[in-house]
Amino acid sequence: MYAGSEGIPINKAPNNSMVRIVRPGSDRLIDLGLMSGSIVKVLISMPCGPVLVQREDGSVIVLDADTASNTFVTIISAPEPARHRHRWRRGWRP
Amino acid sequence: MRNDVIKVLIAGVPNCGKSTIFSELSGVTINTANYPGTTVSINKVEYSIDGIKVSIIDLPGTYSLRAGMVDEAVAAREILRGGDYDGIVVVGSALDPEQTLYLLIQVMELGKPVILVLNMMDLASRSGFRYDIEGLSKALGIPVLPTIAVRGSGLDVLKNMIIKIRDVGQGNVRVVNYDKLEKYIEDLANALGVSRGGFAIETLSDNPVTRELMGNLLNNDYVRQIIENARKEVGDVSSYVAAMRWNAVRSLINKFVSKGRKPLISKYDELFLNPKYGPIISILLLFALAETIFLALEPLVDLLSMFLDSLPIDSIVASYVTNELIKSLIVDGIWSGIATLIDFIPYVFGGCPPNSVHRGFWVDCEDIISNRKVAKTHWYTLERLIYLIAGSGCNVPAITATKAMPSARDRVLTALMIPYIPCTARFVIISLIAAAVMPQLMGLVVVLPYAVALIGVIIISSFSKVRLRFIGRSVPYSYTLPPLILPLHKAFIKKVWHYTYEFLSRAGTLIVIFVVIMWFLSISGPSGVIGPKALGSPALLKQTWLGVIGNAMAPLLSPIGIPWQFSAALVYGYIFKEVVLSTLALLYGVEEGGLIYAIKSFISLPSAIALIVFTTFYSPCIATLITERQVVGLRLTVVNTILQFLIALGLAYVTYYIALMITLR
Numbered sequence: 001m002y003a004g005s006e007g008i009p010i011n012k013a014p015n016n017s018m019v020r021i022v023r024p025g026s027d028r029l030i031d032l033g034l035m036s037g038s039i040v041k042v043l044i045s046m047p048c049g050p051v052l053v054q055r056e057d058g059s060v061i062v063l064d065a066d067t068a069s070n071t072f073v074t075i076i077s078a079p080e081p082a083r084h085r086h087r088w089r090r091g092w093r094p
Numbered sequence: 001m002r003n004d005v006i007k008v009l010i011a012g013v014p015n016c017g018k019s020t021i022f023s024e025l026s027g028v029t030i031n032t033a034n035y036p037g038t039t040v041s042i043n044k045v046e047y048s049i050d051g052i053k054v055s056i057i058d059l060p061g062t063y064s065l066r067a068g069m070v071d072e073a074v075a076a077r078e079i080l081r082g083g084d085y086d087g088i089v090v091v092g093s094a095l096d097p098e099q100t101l102y103l104l105i106q107v108m109e110l111g112k113p114v115i116l117v118l119n120m121m122d123l124a125s126r127s128g129f130r131y132d133i134e135g136l137s138k139a140l141g142i143p144v145l146p147t148i149a150v151r152g153s154g155l156d157v158l159k160n161m162i163i164k165i166r167d168v169g170q171g172n173v174r175v176v177n178y179d180k181l182e183k184y185i186e187d188l189a190n191a192l193g194v195s196r197g198g199f200a201i202e203t204l205s206d207n208p209v210t211r212e213l214m215g216n217l218l219n220n221d222y223v224r225q226i227i228e229n230a231r232k233e234v235g236d237v238s239s240y241v242a243a244m245r246w247n248a249v250r251s252l253i254n255k256f257v258s259k260g261r262k263p264l265i266s267k268y269d270e271l272f273l274n275p276k277y278g279p280i281i282s283i284l285l286l287f288a289l290a291e292t293i294f295l296a297l298e299p300l301v302d303l304l305s306m307f308l309d310s311l312p313i314d315s316i317v318a319s320y321v322t323n324e325l326i327k328s329l330i331v332d333g334i335w336s337g338i339a340t341l342i343d344f345i346p347y348v349f350g351g352c353p354p355n356s357v358h359r360g361f362w363v364d365c366e367d368i369i370s371n372r373k374v375a376k377t378h379w380y381t382l383e384r385l386i387y388l389i390a391g392s393g394c395n396v397p398a399i400t401a402t403k404a405m406p407s408a409r410d411r412v413l414t415a416l417m418i419p420y421i422p423c424t425a426r427f428v429i430i431s432l433i434a435a436a437v438m439p440q441l442m443g444l445v446v447v448l449p450y451a452v453a454l455i456g457v458i459i460i461s462s463f464s465k466v467r468l469r470f471i472g473r474s475v476p477y478s479y480t481l482p483p484l485i486l487p488l489h490k491a492f493i494k495k496v497w498h499y500t501y502e503f504l505s506r507a508g509t510l511i512v513i514f515v516v517i518m519w520f521l522s523i524s525g526p527s528g529v530i531g532p533k534a535l536g537s538p539a540l541l542k543q544t545w546l547g548v549i550g551n552a553m554a555p556l557l558s559p560i561g562i563p564w565q566f567s568a569a570l571v572y573g574y575i576f577k578e579v580v581l582s583t584l585a586l587l588y589g590v591e592e593g594g595l596i597y598a599i600k601s602f603i604s605l606p607s608a609i610a611l612i613v614f615t616t617f618y619s620p621c622i623a624t625l626i627t628e629r630q631v632v633g634l635r636l637t638v639v640n641t642i643l644q645f646l647i648a649l650g651l652a653y654v655t656y657y658i659a660l661m662i663t664l665r
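Protein sequences, first through last, are from chains Y and F.
Heads up, the first sequence is in the working numbering, so the first residue is 1 and it goes up one at a time.
Heads up, the second sequence is in the working numbering, so the first residue is 1 and it goes up one at a time.
In case anyone wonders, no lab produced these hints; they're calculated from the structure.
Idealized CB from N, CA, C, for every residue including glycine.
Check before you lean on any hint, since a few could be wrong.
No more than 30 Å apart at the CA atoms, straight line, and that leaves these computed lysine-lysine pairs for DSSO-like [as the list claims (entries may be wrong)]:
hint, chain 1, residue 1, chain 2, residue 2
1, F, LYS7, F, LYS44
2, F, LYS255, F, LYS183
3, F, LYS267, Y, LYS41
4, F, LYS159, F, LYS7
5, Y, LYS41, F, LYS259
6, F, LYS138, F, LYS180
7, F, LYS267, Y, LYS12
8, F, LYS7, F, LYS403
9, Y, LYS41, F, LYS255
10, F, LYS138, F, LYS183
11, F, LYS159, F, LYS53
12, F, LYS164, F, LYS44
A few chain Y residues that face chain F, going by a derived Cβ cut-off under 8 Å, partial list only [stated by the list, open to error]:
hint, residue
13, LEU29
14, ILE61
15, VAL62
In isolation and in its complexed conformation, chain F is listed as follows (with noise of 0.2 Å):
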């Protein structure tokens, strides 16, 4: 009996608006979650048209099934593993025909129920494009249908579609004549015992995804000597097997599409690859997008924190509870984290649309940016200038954003290096400091931050010229280049509230629960619990966990003059930096006002810039790390904290002992 869900497929190229129409198909919830042993994100929703229920699977956008990167290899896997989905629908863009065609032959070899799509309607008409969409169906054998997602155009056919995908049929899998190689195709097919051709070509073509998943099969001597026989014929079997496909492409295209004489490169194209001035403009572009986001979220961000604090939720919380403890769980544990969560949605959301838009937009000033000569030493730095940039307002979705990074190595990488920009939390601190210690030179001081992050950031992007095992292998980032489209239509509000509600969802509660667990480190010691009252008292804060915590780091930043108070204040900062300052002027026993002044007193120059040095570093808050993991993975998370909390203890002794002698002359 077969099943009464319909699942399907989503594949395309990359920016074919593949996500647009996912998007469109979906309802307002997506589930998000890692494919089984990588960090690349799946995009899952069912929905139910007419009683009939539905299972979309959003692939990775991938150029072919022999893929080179780990996204396109999970598109791949899924595609070719052949599992219990009832056909594939595979999205391409009616502006790159020829690389659309080839990946469906590709798909359609397979012999699963395909529906090709072709989306950019209106882009291509108007660039000169015009389609026998008809003879092109025949052709193939497949029903094709022409959208334009981004006004909801075709996706209600694609959907009536998608339920009738189980009757479509196979289409035509011989589109593709492999001469020479036909006998072996069909002899490897036989000798595996799949009915698929287009697995024994792939097999053929040596793809690694489909030796990965032949395993011992492939050490059988008569499918060894059939792969041996076809190399004797046509020598390189994947050339010969590109090659064919590329012909029936063309052939294709000839008889079925026609082309105007519009040049497909723009003329915003050309100023942004103009090699004078270009990276100018690229840059200048890249930072006024990233200050306007935070400028204009700065209102935003203190109104939602003037709402949060004017919640009565101690009076509230008190009204219905009286024990102590429990109240403080719900009010310090628990809607702390929650508030922490609010607080940071503005950014969330703010640093999406970069996201969103960096495939149809920022593709080209990232190339331009990466082809000058300076960046040959530090390439991945200034290839990642706009996640940099973003992240110096606040790390969270700076590293969120990485996820639209097509290449999985420069994902990691990049989102390994975000966490050593300091944020717009850290930088309140560091000014704080500043202002303490050495109020005439505060213009100088600040940009110190900025100077010192280079050097993590330039250690980080080291690592992506020496081979490292746990970051992946360097692969070919070579791809077409999409259009330049500026996405302001109603499927990129929802794609940028589909990332916001991504991080609430798989972030937020591991954010909740550590923000309570600290708390509870912050109420309880090694003598049992101490109670609420720990967290008004300097000398209770002491006996706690944090406090021993922040006593057994003192060791480690008094030889540099650091007070211990700073040490545990430091710890807190793991929830959430704005603490920082707080739980300092409770140690102190001050108002936040009075800060400075006791600053001033405990602490000399060459320590408060040691002490700056190393809260650039030594770690960003919880938010930042869960983020993270999601992105490089746990190990990644906790060796890159690790790292930087040892680059921060190193680089603030130096800078302490040099401090110290330009003081003493």
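This is chain Y alone, in the form it adopts within the complex (with noise of 0.2 Å):
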């Protein structure tokens, strides 16, 4: 839906997404515990830049703007673009 099977870099997914890293960055993401099939949270990302990703357990690991562009990583689910409502005459309408 979102990535193939290389998936897409972890900074060029949303906010708030869960996904399942393909590739880490660096070995160093290996010894946060980040490593092939690990699922984690997306809690900010900037494109091509830095990332702030939450563990399993809940540690909340950052990435920096390489290792973030050089780890692949699948969306698992993604937050529902917010809806925009229009004010209407009747109350409120989607």
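Got two chains here, each in a separate frame; can you build the complex from them with the hints?
Structure follows, in structure tokens:
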């Protein structure tokens, strides 16, 4: 739905999405418990920039821009985009 | 016969309160020295309990023995090389048991006696963590000690455990089952002649530190064959080993740790990490902190200066010493050096809190600042904002504070950037020149140095994008976000005192020596020793070595209309920027109050603007240079100082001709 088997860089994943790591961007991520197959929540991601993710145990990991760009993930779930609601004469409608 | 001094290493994951524990274990004095061949500081203390001597070395924090950064490599090397220490105390955060156990397993596998300290137990309890300490201790086969370092809780027990560390034993080294890799680990350990299976595991994982320690032994055909076979069996050995270790960690956590539901991200984290408001709040907070510190310090610095000026050193020395040269050496050389050093103490002490707070607090602010798209172009400039803002007060504490940065490369780059920021002392000179030649544009002119300083900072920050051997390679800068804690406790005060003490002991001697050398250069010349009378006579001052150097610099600045008196006075700025104005007054034969009129008479508007630009950049004072040397090394300090001088000269010429064109119109 969101990406092919190679995945997308983690800093392209939307905020608050759950992702599965396909390929960690550096050996250091493995030492931080982020390996192929690990599931993490992307807290904040900036395109081409650093990313904050939350491990399954709750710890928050900061990925620098280079590591984030080289870390490929597949998105498991992403938050629904906010729908704009317009005020009509008779109350709120989607 | 065993050494009667118990030697212990303290290792741990970053931000777990390791330094606080070390600080609490130690007395008042902590010896800090650079690790051989690096600019990484290692703290060491020695004390005795009941007549038993203990020597403790505090290693830099690391997540694993496969280190990425220079600091981590120092810790990994010390642990892996299995020196003559008796055991290792592994300090971990009770808030992050996974990362703690991951490091602990690697240390335990080396077979040395290990004690596990789970610090921040109070925060962990509040966050809903429950530990089965006894069960964990039995499973690991080592003592596990819960502590709250900031309150000193559990540290007496730790002290007693350290004394008995030789009796601890090596613990359960087979806590991880490497399955298919086990036979290769055994074969390799035998082939390398090491009893430590952990060393063989790290070698199989291609750990760069073990590779370095093994040297030519890795070229042995049999050893290479084992490594090759292991690779064939499991593929990527490094990932396989890490996966097995993480499995063991999770198994231990499931058995002995229960976690609450309280989220690890606090409301403050959410505030600072907010993509919309976080950066603005962070920048305002950083700026407010730096400004508050330096505003609060101003009266203290003034008071200290007044006190030093009021001391009748002249008359005290005169009552004991009659020889004019020796008297001048003591008063103008040694005492002047000591007074210079004392003047810096408030700045260093005041600059230390951000240093100590950094890892626990500012990390959030820095992350969010660096998250912005605008930071992509000059990422290092924005990320290091706190240090650059601090540098505008005084470069010395700002450079000292960079020691808190985990990445050696970032530390070096930031320490190289800071001298480009004009400190308050340089700013006083700039303000006086501006007030003399263009009082109506004073507001605009005082902004000029900061605008110009940005050019220097951007030049240095651009180094981060190219691969420069002398700065070091780019390393991944990923880490676990530490808990947001305001460190208002006794250990924090002790840490601030330690930073100040470290500055005094390491930089102080060099500063005093340099001031004495400058004194000698200002009372002697090519014709020999002129004597202290040269310090009060413009004509004699011109004949001294400093006068000669100042005159040598004059041809560089005279084409842009800057008189030789300024060149000579700026040379004195290498000691302390405050003496530039008094030297200038001496050279023009006026009181300091009349300096404005002297400058107005002898310098044109374009030259004054060029002089402001030159003063902004040309060089920091000796204390800054010595502190810079501690962080980046001698070679880079020399390179950066020459670069600063050349940029200052180039920009001064450019500014002069632009100003000339504008004023001619």
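Hints, verified against the model:
1. LYS7/F with LYS44/F: holds (10 Å)
2. LYS255/F with LYS183/F: Roughly 28 Å separates the two Cα atoms, so the pair holds.
3. LYS267/F with LYS41/Y: OK: LYS267/F and LYS41/Y at ~18 Å, within 30 Å.
4. LYS159/F with LYS7/F: The given pair, whose Cα atoms are some 13 Å apart, holds under the 30 Å limit.
5. LYS41/Y with LYS259/F: Answer holds: LYS41/Y to LYS259/F is near 18 Å, not above 30 Å.
6. LYS138/F with LYS180/F: Holds: LYS138/F and LYS180/F sit about 26 Å apart, inside 30 Å.
7. LYS267/F with LYS12/Y: holds (26 Å)
8. LYS7/F with LYS403/F: holds (25 Å)
9. LYS41/Y with LYS255/F: holds (25 Å)
10. LYS138/F with LYS183/F: holds (26 Å)
11. LYS159/F with LYS53/F: holds (12 Å)
12. LYS164/F with LYS44/F: holds (19 Å)
13. LEU29: Given a least distance of 6 Å, the restraint on LEU29/Y holds.
14. ILE61: holds (6 Å)
15. VAL62: holds (6 Å)
Comparing the model with each numbered hint stated earlier shows that all of them hold.
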